[in-house]
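Novice: Just so you know, the sequences run in chain order A and B. Using the working numbering, count along the first sequence one by one with no gaps and you end on 1755. Using the working numbering, count along the second sequence one by one with no gaps and you end on 1755.
Take these hints with a grain of salt, some might be off.
[To be verified] Here are the in silico distance ranges between beta carbons for each label pair:
#: 1; chain 1: B; residue 1: 1474; chain 2: A; residue 2: 1577; range: 27 to 33 Å
#: 2; chain 1: A; residue 1: 1631; chain 2: B; residue 2: 1746; range: 42 to 48 Å
#: 3; chain 1: A; residue 1: 1625; chain 2: B; residue 2: 1466; range: 50 to 56 Å
#: 4; chain 1: B; residue 1: 1455; chain 2: A; residue 2: 1646; range: 48 to 54 Å
#: 5; chain 1: A; residue 1: 1707; chain 2: B; residue 2: 1572; range: 18 to 24 Å
#: 6; chain 1: A; residue 1: 1480; chain 2: B; residue 2: 1571; range: 28 to 34 Å
#: 7; chain 1: B; residue 1: 1725; chain 2: A; residue 2: 1615; range: 34 to 40 Å
#: 8; chain 1: A; residue 1: 1620; chain 2: B; residue 2: 1440; range: 53 to 59 Å
Quick caveat, the hints were computed from the structure, so don't treat them as lab data. Note that the structure is predicted; figures quoted are calculated from it, not measured. C-beta: ideal position from N, C-alpha, C; glycine also.
2 protein chains.
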Amino acid sequence: MAQENTRTNSPQIIVLGPPSVFWEYGHKFAEKFRLLKPWESALPLEEFLSAHAQTVEAMLCAASVSLSASLLTHLPSLRLVVTSSAGVNNIDLLECRRLGIAVANAPDIFSADVADLAVGLLIDVLRRISASDRFVKSRAWPIKPHYPLASKVGGKRVGIVGLGSIGQQVAKRLEAFGCPISYYSRKEKPWTSYCFYADVHQLATASDILVICCALTQETHHLINKEVLLALGKEGVIVNIARGGVIDEKELVQCLLQGEIAGAGLDVFEHEPHVPKELLGLDCVVLSPHYAVFTHESFKQVYELIVGNLEAFFSNQPLLSPLLHE
Amino acid sequence: MAQENTRTNSPQIIVLGPPSVFWEYGHKFAEKFRLLKPWESALPLEEFLSAHAQTVEAMLCAASVSLSASLLTHLPSLRLVVTSSAGVNNIDLLECRRLGIAVANAPDIFSADVADLAVGLLIDVLRRISASDRFVKSRAWPIKPHYPLASKVGGKRVGIVGLGSIGQQVAKRLEAFGCPISYYSRKEKPWTSYCFYADVHQLATASDILVICCALTQETHHLINKEVLLALGKEGVIVNIARGGVIDEKELVQCLLQGEIAGAGLDVFEHEPHVPKELLGLDCVVLSPHYAVFTHESFKQVYELIVGNLEAFFSNQPLLSPLLHE
Chain A
1430 MAQENTRTNS
1440 PQIIVLGPPS
1450 VFWEYGHKFA
1460 EKFRLLKPWE
1470 SALPLEEFLS
1480 AHAQTVEAML
1490 CAASVSLSAS
1500 LLTHLPSLRL
1510 VVTSSAGVNN
1520 IDLLECRRLG
1530 IAVANAPDIF
1540 SADVADLAVG
1550 LLIDVLRRIS
1560 ASDRFVKSRA
1570 WPIKPHYPLA
1580 SKVGGKRVGI
1590 VGLGSIGQQV
1600 AKRLEAFGCP
1610 ISYYSRKEKP
1620 WTSYCFYADV
1630 HQLATASDIL
1640 VICCALTQET
1650 HHLINKEVLL
1660 ALGKEGVIVN
1670 IARGGVIDEK
1680 ELVQCLLQGE
1690 IAGAGLDVFE
1700 HEPHVPKELL
1710 GLDCVVLSPH
1720 YAVFTHESFK
1730 QVYELIVGNL
1740 EAFFSNQPLL
1750 SPLLHE
Chain B
1430 MAQENTRTNS
1440 PQIIVLGPPS
1450 VFWEYGHKFA
1460 EKFRLLKPWE
1470 SALPLEEFLS
1480 AHAQTVEAML
1490 CAASVSLSAS
1500 LLTHLPSLRL
1510 VVTSSAGVNN
1520 IDLLECRRLG
1530 IAVANAPDIF
1540 SADVADLAVG
1550 LLIDVLRRIS
1560 ASDRFVKSRA
1570 WPIKPHYPLA
1580 SKVGGKRVGI
1590 VGLGSIGQQV
1600 AKRLEAFGCP
1610 ISYYSRKEKP
1620 WTSYCFYADV
1630 HQLATASDIL
1640 VICCALTQET
1650 HHLINKEVLL
1660 ALGKEGVIVN
1670 IARGGVIDEK
1680 ELVQCLLQGE
1690 IAGAGLDVFE
1700 HEPHVPKELL
1710 GLDCVVLSPH
1720 YAVFTHESFK
1730 QVYELIVGNL
1740 EAFFSNQPLL
1750 SPLLHE
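Here chain A stands alone, though its shape is the one from the complex (with noise of 0.2 Å):
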């Protein structure tokens, strides 16, 4: 009974998704709010709010879920969106700002995680880690001793596309193997003395290897085209921790199936969960399922910084990641 109470008591706030960090901390959430979960419901999302959550003031939004304009208008009482992300594409910002409604992101947080998985898959891709495992867990190497040799790390000359928070971690990372480094992005930035490339083909006919750091925008849509890849070149090495849509798939498949480049490591993909069967049988490719936030020690670090903005909002506090104020 005491808990009961304690849960009446405790504020309420909308979920839409839920986001990945739910699958940790679903439980933990629910023992500090009364959680409205739409997607619990037979109802429509729109039916669901009209008839729940006519109250509510805070809201804990998905990055998979697009917060329209017209999505809030069945919100009324909304004060606070707070994500779990620090993209916030997602949202209608202009919209929020019109109607008051404050966003709390989660910067930063997960950017040493992405970077670590980006040098990951390129040390994987090179050096055939992925590769071998299987060779070695399959029984072979009694059978064949005779492995193929992989490509040295150091030395090769590493194109940055997007020198963000994540790009930035993949360069110091990436220095420390021996690898010279040299970045795309809209402007030059005054404080790297790293190589400036003001187009992206130019970058790509100057690296053996690229690493895709940029947000995804109108601009950087298949940024990564086929002459992009034909710069790059046969020995050239790809890596995506960004959006599946920075590249043009199609073309990236055909030209690691005709040797134009020599390798990849993906973490996203342009249709998502759905990954080109042509890549699932190639060594010279390195998978991953769009996990590159996913341990335990971010998702613990967003779980505690959601929780402090909506109990800052709730006691009337300032939020601890604010993007935009009320």
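Please arrange chain B on chain A, whose structure you already have, making use of the hints.
Specialist: This is chain B only, laid out in the frame that chain A set:
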């Protein structure tokens, strides 16, 4: 005919092994030297040497061949041994010195490659890269969207066993990921501020990860025993790119099966190429076929160093990488 003359006039060397650099460069060696290849003969090695190698002055020797005093008695004209590895524990150096035989090795060429693989295996185990590659390639992603969470690299306390050239390069790379570094070695290294442990059990207690980088000697055989593995603990990960015999492999297998440690990245094994079959089905274990040095770039560098040493010897110039002088 011109080519045959060249070959008849070119200096003769005997090749034992052959070393793996022959996989790619055997034909190039044959263009520069007349090669005696005991492995292509039906004769036992000592008989082959007595029959064909009485006048040969130079040898290229694989690390896998034990060059003993008794074998040397069959090579009365030998004045130079060139190896393709950094380690020379397969060579009776005292006897070489007594006989006035010079020895040249390949120091440090491979250190960066070995360190790269150590870090690659570590990221792979923590971030489940090979397991996720298997997951995606088996088409499981659309069916099971909730992939298990991985472990963050940054912040993990790394203990390096043996802070030689390889260990130092592992440390440098992992510092860039935000890992605090400690080490165990026979003596404290005055030139580093990494935390020193004179006891490997204490190092394991203070570490989340152990990276084995030491030579295999009588002192280091089974240095990593059950007690050390239990001290590393249930969240602990071990990486071995040194020699299989440094770890008590039976105990390692038991600890992995019983969850006494969390995972392992292994390039070397006690009875290569045989790998304990209990490891072949584990997602938490990443295996490679003792190929930490097998990159195109290092093989080329080693080929050039070996040729440089041999050409220096035959033209009475100083050796490029002398370990023992005549």
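Novice: Broken hints, numbered, in rising order?
Specialist: none
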